[in-house]
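*Asks:* So the chains spell out like this:
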Amino acid sequence: EPEVTQTPSHQVTQMGQEVILRCVPISNHLYFYWYRQILGQKVEFLVSFYNNEISEKSEIFDDQFSVERPDGSNFTLKIRSTKLEDSAMYFCASSGTGGDQYFGPGTRLTVT
Amino acid sequence: AQSVTQLGSHVSVSEGALVLLRCNYSSSVPPYLFWYVQYPNQGLQLLLKYTSAATLVKGINGFEAEFKKSETSFHLTKPSAHMSDAAEYFCAVSERNTDKLIFGTGTRLQVFP
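Going line by line, the protein sequences match chains Z and E. Count along the first sequence starting at 1, add 126, and that's the number in our numbering. Count along the second sequence starting at 1, add 8, and that's the number in our numbering.
Hints are computed from structural coordinates only; laboratory data are not their basis. Just to be clear, a hint being listed does not mean it is correct.
[Unchecked claim] With a straight-line cut-off of 20 Å between C-alpha atoms, the simulated SDA-like cross-links for lysine to any residue are:
1) E:K66 / Z:G225
2) Z:K204 / Z:T131
3) Z:K168 / E:K66
[Unchecked claim] Derived Cβ-Cβ restraints for the label pairs, each shown as a range:
4) E:L26 / Z:E144: 47 to 55 Å
5) E:E23 / Z:E179: 27 to 35 Å
6) Z:N154 / E:P38: 27 to 35 Å
7) Z:G222 / E:S22: 33 to 41 Å
8) E:K77 / Z:R206: 43 to 51 Å
9) Z:D197 / E:S22: 21 to 29 Å
10) Z:M141 / E:G24: 43 to 51 Å
11) Z:Q190 / E:T106: 19 to 27 Å
All C-beta atoms in this analysis are idealised placements derived from N, C-alpha and C, irrespective of residue type, glycine included.
Sequences and hints are given; from them, build the entire structure.
*Replies:* Below is the structure:
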């Protein structure tokens, strides 16, 4: 069964450093998403992406964040200058025309 | 703004017992509603969804949920719990003009033998 994959599973970085979280969505999906979950809190929507453009973004998704689909398979989330409060589990999701969002296993980002 | 409330961060049941996980939403119009399950070290998996067809929705693994507009609820049930049902369950909502999901805080289900 096709699935969304994410790398790395765990990323540790120092405050102020740039990180790139990578996702490979399901191959025939056209809609892509990033969510995050700070430990003990809700899963929160960050951004949705379609046709090489951001469709919608939350207040969390400020200028420090960017997304890209650099090739036909990857979907990335970049945080330019990480802060301690960016520590969270980041989930990538993708959906096809049916609309059901399929989630990856997540990347745990720890900012020290 | 839309929100979802899941009552009970932890629910424990015996194997074979009824599972009831509660979810209430706030929305001015009936939204789309979802239940996701997360097993350890895995992503969120869609269990079932309500999109304004039948109010009783059947999902995978024997789970079902009933949309009750009068109670603004979408509780998840399973008649007989299995050990393999132990996981974290998330209720989510989205408005009809967006695919952004708004999640509840999750309920961890424990199943005892």
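*Asks:* All the hints need checking, so say for each whether the structure fits it.
*Replies:* Verification of the supplied hints:
1. E:K66 / Z:G225: holds (18 Å)
2. Z:K204 / Z:T131: holds (17 Å)
3. Z:K168 / E:K66: Given that 20 Å is the threshold and the Cα spacing comes to 25 Å, the pair is violated.
4. E:L26 / Z:E144: 47 to 55 Å: holds (49 Å)
5. E:E23 / Z:E179: 27 to 35 Å: violated (49 Å)
6. Z:N154 / E:P38: 27 to 35 Å: The hint (27 to 35 Å, Cβ to Cβ) holds, given that N154 (chain Z) and P38 (chain E) are roughly 30 Å apart.
7. Z:G222 / E:S22: 33 to 41 Å: Hint holds: Cβ distance 39 Å, inside 33 to 41 Å.
8. E:K77 / Z:R206: 43 to 51 Å: Between K77 (chain E) and R206 (chain Z), where Cβ atoms are some 44 Å apart, the hint holds.
9. Z:D197 / E:S22: 21 to 29 Å: violated (50 Å)
10. Z:M141 / E:G24: 43 to 51 Å: Given about 50 Å between the Cβ atoms, the range holds.
11. Z:Q190 / E:T106: 19 to 27 Å: At roughly 23 Å between Cβ atoms, T106 (chain E) and Q190 (chain Z) fall inside 19 to 27 Å, so the hint holds.
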